[in-house]
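Just so you know, the protein sequences line up as chains A and B, in that order.
Under the working numbering, residues 2 to 173 are what the first sequence spells out, in order.
Under the working numbering, residues 588 to 707 are what the second sequence spells out, in order.
Among these hints, one or two may not hold up.
Said to hold, decoys possible - BS3-like, lysine-lysine: derived pairs with alpha carbons at most 27 Å apart:
| no. | chain 1 | residue 1 | chain 2 | residue 2 |
| --- | --- | --- | --- | --- |
| 1 | B | Lys664 | B | Lys619 |
| 2 | B | Lys648 | A | Lys48 |
| 3 | A | Lys40 | A | Lys24 |
| 4 | A | Lys40 | A | Lys104 |
| 5 | A | Lys24 | B | Lys616 |
| 6 | B | Lys649 | A | Lys48 |
| 7 | B | Lys679 | A | Lys57 |
| 8 | A | Lys24 | A | Lys108 |
| 9 | A | Lys104 | B | Lys679 |
| 10 | B | Lys664 | A | Lys40 |
| 11 | B | Lys666 | B | Lys589 |
| 12 | A | Lys154 | A | Lys95 |
| 13 | B | Lys666 | A | Lys57 |
| 14 | B | Lys664 | A | Lys57 |
| 15 | A | Lys154 | B | Lys664 |
| 16 | B | Lys679 | A | Lys24 |
| 17 | A | Lys57 | B | Lys649 |
| 18 | B | Lys648 | A | Lys104 |
| 19 | B | Lys649 | A | Lys155 |
| 20 | B | Lys589 | B | Lys619 |
| 21 | A | Lys57 | A | Lys154 |
| 22 | A | Lys40 | B | Lys679 |
| 23 | B | Lys666 | A | Lys66 |
| 24 | A | Lys40 | B | Lys649 |
| 25 | A | Lys57 | A | Lys108 |
| 26 | B | Lys648 | A | Lys155 |
| 27 | A | Lys48 | B | Lys619 |
| 28 | A | Lys48 | A | Lys108 |
| 29 | B | Lys592 | B | Lys613 |
| 30 | A | Lys155 | B | Lys666 |
These are calculated hints, taken from the structure and not from any lab test.
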Amino acid sequence: MKNKILPFLVIFIFGIIFFIFYKGLEDSKIYTPDANTKKEIPVFNTKEFFSGENVKSSSIFELDKIYLLNIWSSWCVPCRQEHPFLMNLNLDNKLNIIGLNYKDSFKNAENFLKELGNPYQEIFIDLDGTIAIEWGAYGVPETFLIYNSQIIKKYIGPLNQELVNEINLLIK
Amino acid sequence: MKFIKFILIFIILFSLSGVNAEDNDKRNKITKNLRCLICQGQSVYDSDSEFANSLKIVVEKKLQEGLSEDQIYEYFKIKYGEWILYDPGLNKNTYILWLLPILIFLIGGAIIYKSFIVKK
Chain A
2 MKNKILPFLV IFIFGIIFFI FYKGLEDSKI YTPDANTKKE IPVFNTKEFF
52 SGENVKSSSI FELDKIYLLN IWSSWCVPCR QEHPFLMNLN LDNKLNIIGL
102 NYKDSFKNAE NFLKELGNPY QEIFIDLDGT IAIEWGAYGV PETFLIYNSQ
152 IIKKYIGPLN QELVNEINLL IK
Chain B
588 MKFIKFILIF IILFSLSGVN AEDNDKRNKI TKNLRCLICQ GQSVYDSDSE
638 FANSLKIVVE KKLQEGLSED QIYEYFKIKY GEWILYDPGL NKNTYILWLL
688 PILIFLIGGA IIYKSFIVKK
């Protein structure tokens, strides 16, 4: 009796282990955070890009307006790629596009905007990257769609035509 | 008088460096327990990426604000999800992870008991 149970048990345990590993193979190895969960926007203090004045986050985002917060930097190559899309989004004027300049020098950032245009209504600076952390961002570029102090949607990486269409649908 | 000054300076220097070391210890401990999400298999402490460097500054700031270690973990868990912690808590997604070793231990024990002890 005992001799019959043992092989069965071994096969059963190996079966479970095989099943777990096999399932694990199907999972993506790249961690994708749950980008769809609605979250309150964080509270932070920052400085205005051009004037250098201190600003509180509560005075930036008003209720009942749709905001697009874009984290960008002049040294970031994908930011260059997505810039034309931001310029296009700005044409509609339904969105208030806010820029967060990430770990950048003023001169480089200014040249970047002169060269490619400035889609942002307001720009704020994040010199040491801590404000981006408050937002739960991973790096540049990253874009947040905000309505009523809530993050509705989060886009990690550069925007493209597909995502722009999605944003246009969402803000209708 | 000179001697007293000398001693005083020494005391101040040593007490200050003590405070610093303690703070760094705590910061290092916390950053070692946080996963660098954009790196592969590195903790925030080990990594020198932009993301990790910013995170180190945030941990430092939170410590200065007087948050405890658990509160800091909780803060990052809300921002980035459970994955950022190297030491996941027990919940409905992780219970297999926590209970499997105990289960295997018990089954192993049962096998040993059956095949060796009962035989006698």
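Structure-based check of all given hints:
no., hint, in the structure
1, Lys664(B) to Lys619(B), "holds, 15 Å"
2, Lys648(B) to Lys48(A), "holds, 18 Å"
3, Lys40(A) to Lys24(A), "violated, 31 Å"
4, Lys40(A) to Lys104(A), "holds, 24 Å"
5, Lys24(A) to Lys616(B), "violated, 33 Å"
6, Lys649(B) to Lys48(A), "holds, 20 Å"
7, Lys679(B) to Lys57(A), "violated, 39 Å"
8, Lys24(A) to Lys108(A), "violated, 50 Å"
9, Lys104(A) to Lys679(B), "violated, 39 Å"
10, Lys664(B) to Lys40(A), "holds, 13 Å"
11, Lys666(B) to Lys589(B), "violated, 54 Å"
12, Lys154(A) to Lys95(A), "holds, 16 Å"
13, Lys666(B) to Lys57(A), "holds, 20 Å"
14, Lys664(B) to Lys57(A), "holds, 24 Å"
15, Lys154(A) to Lys664(B), "holds, 19 Å"
16, Lys679(B) to Lys24(A), "holds, 18 Å"
17, Lys57(A) to Lys649(B), "holds, 19 Å"
18, Lys648(B) to Lys104(A), "holds, 18 Å"
19, Lys649(B) to Lys155(A), "holds, 25 Å"
20, Lys589(B) to Lys619(B), "violated, 45 Å"
21, Lys57(A) to Lys154(A), "holds, 22 Å"
22, Lys40(A) to Lys679(B), "holds, 22 Å"
23, Lys666(B) to Lys66(A), "holds, 24 Å"
24, Lys40(A) to Lys649(B), "holds, 21 Å"
25, Lys57(A) to Lys108(A), "holds, 24 Å"
26, Lys648(B) to Lys155(A), "holds, 26 Å"
27, Lys48(A) to Lys619(B), "violated, 31 Å"
28, Lys48(A) to Lys108(A), "holds, 16 Å"
29, Lys592(B) to Lys613(B), "violated, 32 Å"
30, Lys155(A) to Lys666(B), "holds, 13 Å"
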